[in-house]
Amino acid sequence: MQPGDEPVPLIEVDELEKTFRVARHHQGFFGAFRNLVSREYREVRAVGGITFAIEAGEMVGCIGPNGAGKSTTIKMLTGILVPSAGRVEVFGMVPHRRRTDVARRIGVVFGQRTQLWWDLPLVESLDLLRYIYRVPESRFRENLDQFRALLDLDPFLNTPVRQLSLGQRMRGDLAAALLHDPEIVYLDEPTIGLDVVAKHRIRDFLRRINRERGVTILLTTHDMIDIEQLCSRLLIIDHGKLLYDGGLEKIRGRFGTERTLVVDLAEGEVEDSAPLAVLYAREVRADGPRRWLRFSRDDTTAADLIATVASRYRLRDLSIEEPEIEAIIRRIYEGNW
Amino acid sequence: MSTRLYWEIGKRAFQRQLAYRTANLAGLFTNACFGYLRGSVFIALYQTERSIGGYDVSAAVTFTWVTQALIMVVFLWGWWDVEETIRTGDVVSDLAKPFSYLGFWLARDYGRALYHLLFRCCPILLIGEVMFGLRWPTSPVTWAALALSLTLAVAISFAWRFTLNLTAFWTTDARGIGGLASILSTLLCGLLVPLPYFPDTVRRVVEALPFAGILQIPADVFLERVTGAGLLLALGQQALWAGVMLGATQLLVMAATRRVVVQGG
Ligand SMILES: Nc1ncnc2c1ncn2[C@@H]1O[C@H](COP(=O)(O)OP(=O)(O)OP(=O)(O)O)[C@@H](O)[C@H]1O
Ligand SMILES: [Mg+2]
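Heads up: the sequence lines are chains L and G, in that order. Just so you know, we're using numbering that gives the first Met the number 0 here: the first sequence kicks off at 0 and counts up by one. Just so you know, we're using numbering that gives the first Met the number 0 here: the second sequence kicks off at 0 and counts up by one.
If you're looking for bench data, these hints aren't it; they were derived computationally from the structure. For glycine and all other residues, C-beta sits at the position ideal for the given N, C-alpha and C. Watch out, some of these pointers could steer you wrong.
The calculated label-pair distances, taken between Cβ atoms and stated as ranges, are [unchecked claim]:
#: 1; chain 1: G; residue 1: Gly246; chain 2: L; residue 2: Asp153; range: 42 to 52 Å
#: 2; chain 1: G; residue 1: Leu250; chain 2: L; residue 2: Arg23; range: 23 to 33 Å
#: 3; chain 1: L; residue 1: Gln162; chain 2: G; residue 2: Gly175; range: 51 to 61 Å
To list a few chain L residues with every Cβ distance to chain G over 12 Å, as calculated [as the list claims (entries may be wrong)]:
#: 4; residue: Leu163
#: 5; residue: Asp187
#: 6; residue: Asp237
#: 7; residue: Leu242
#: 8; residue: Glu248
#: 9; residue: Glu266
#: 10; residue: Gly287
#: 11; residue: Ser295
#: 12; residue: Asp297
#: 13; residue: Pro322
#: 14; residue: Gly334
Only chain L is shown next, with the shape it has when bound in the complex (with noise of 0.2 Å):
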């Protein structure tokens, strides 16, 4: 590959800033009366200098805790909010500045809310867009149709929004936000709230709509089933920083070091309630003859502990546990790892 023939990054942000200002507000009666006099303000860092891009055809998740600042991040990548300070840019445009030119070529779906009209039913919002994004008559029918059999949308196509089930309109944001053949579409937390059934099929639509027309994805969810069935990328953002860019499973090699080993003794091995004592491992559960044992990458392999246990006690049976990706996000969370 010739160095000018690197894939240029449709999304690129680099050291990206979001401070809001919020009034402080008093309390009571004279409360109000300060508040309307004086004006104190308080700042809340949402988002404190990120980096990261994202190229054509990628389908990147992100996680993080509430108000980690996923969502303040994707609204400045629209171009509805206005950075603080760093550097955004997608199709090389600074989204702020180009809102309308970047709307064109983009889809965004907010999980929480909709762009949908309440009050009528579905087709009539999803026909509007036709003319909002001026797509032509033909490629529209065309897109529709495909998104009907997908989402099976028919069965509520002419029903109004605000009678729609929760699963029902979020199928119906989706294809609100598809049918103009956006390249890319941000979808912050698209399965919020809906059963196993609707978020399989919304995963499978959201993988067809990245490998069949390339569209270029970037979620956020607290669903880690989301990313690990999804995604091959995953950004951890946390007090507006992000802490993990990366594969899913190069995030075990780095934040997983801890795994466990269960062994079952042999009968009358040791006495019931006695640990074991095990270098570079710790006894963290035990269960009659059923130990688990805790050991870092760090300090041991585990053919090695096994060797050791096998050596010192008789063992009838044993199995090594890798943490849940759950287990380690939490921990990042927390800040433990």
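Add chain G with the ligands to chain L, keeping to what the hints say.
Here is chain G with the ligands on its own, set in the frame of chain L:
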């Protein structure tokens, strides 16, 4: 193509009103009651006077019913559709669209206004005719001028309401401010009494303000109190204010979106 977009938006705003038929019926009843009340007060008032501010009794009664019928067409009180989207943060969907934010809401308001013209204004005028007997326009020119005058009245009132709504980008208490402001507009648009009832000096000022273009001028066009050059002047005044105010709101939209703070995740 772009006009088509705004047409389609307006069409949907019209359709969506159809979902609130009972509310419209209740509103119709209220407007009619107040029409009856105001009409009766004016008739009592004219027991001792033949003409006040150039209105005889039948003109005053017609004025009452016309303004009463137009309240919802120009949506005098309590329009907070935009403020609500800003306060809840739903505005993000509208801002992420490649259209004019002002144009989007203006188109919606025209769709809504047309609904209220057909299903609120017309029934109220009929009720007024049955109860009091109104003075109807006599020439087709008047009807054409009225159509234009109403179009401009909606634009002016929209610009005013939209501005009040947009303050929600800066303050969480837009409705409080707007509540105070709508006292002002109620007084100055001619709903309580026709503006010519005011003493001369006050009258000259209030007649020049944009609020006169919301109800006073359309009602005077209906009554054919302004004709010929006077009519052109009145429509010109409305057009001027509509242009100025819509231009100002566009500037406000630009300022708001530059420093937009969208509420909530
Ligand atoms: N309009 C606003 N004004 C003030 N502070 C805000 C505003 N929007 C967000 N914040 C603050 O910025 C921080 C990040 O919020 P954001 O909505 O981006 O979090 P998030 O990662 O999307 O969280 P969640 O998972 O709960 O959706 C929070 O502390 C939030 O309180
Ligand atoms: Mg969020």
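Hint by hint, here is what the structure shows:
1. Taken as a hint, the range 42 to 52 Å holds for the pair Gly246/G and Asp153/L, whose Cβ atoms sit roughly 45 Å apart.
2. As the Cβ distance of Leu250/G to Arg23/L is approximately 30 Å, the hint placing it in 23 to 33 Å holds.
3. Here the CB-CB span from Gln162/L to Gly175/G is close to 34 Å, at odds with the stated 51 to 61 Å.
4. Separation of Leu163/L from chain G is adequate, the least Cβ-Cβ distance of about 15 Å exceeding the 12 Å criterion.
5. At the 12 Å boundary, the C-beta of Asp187/L falls inside the reach of chain G, the nearest C-beta of that chain being 8 Å off.
6. With a minimum CB-CB distance of about 15 Å to chain G, Asp237/L clears the 12 Å threshold, and the non-interface call stands.
7. Listed as outside the interface, Leu242/L is consistent with that label: its C-beta sits roughly 19 Å from the nearest C-beta of chain G, beyond the 12 Å cut-off.
8. Distance to chain G confirms Glu248/L as a non-interface residue, since its nearest Cβ pair spans about 29 Å, more than 12 Å.
9. Consistency note on Glu266/L: stated as away from chain G, and its beta-carbon is indeed over 12 Å from all of that chain's, at 56 Å minimum.
10. Gly287/L, annotated as away from the interface, keeps every beta carbon of chain G farther than 12 Å; the closest lies near 47 Å.
11. Ser295/L, annotated as away from the interface, keeps every beta carbon of chain G farther than 12 Å; the closest lies near 36 Å.
12. No beta-carbon of chain G comes within 12 Å of the beta-carbon of Asp297/L; the shortest separation is about 38 Å.
13. At the 12 Å boundary, the C-beta of Pro322/L stays outside the reach of chain G, the nearest C-beta of that chain being 29 Å off.
14. Every Cβ of chain G is farther than 12 Å from the Cβ of Gly334/L; the closest lies at roughly 22 Å, confirming the non-interface assignment.
Hints 3 and 5 from the list above are not met by this structure, while the remaining hints are.
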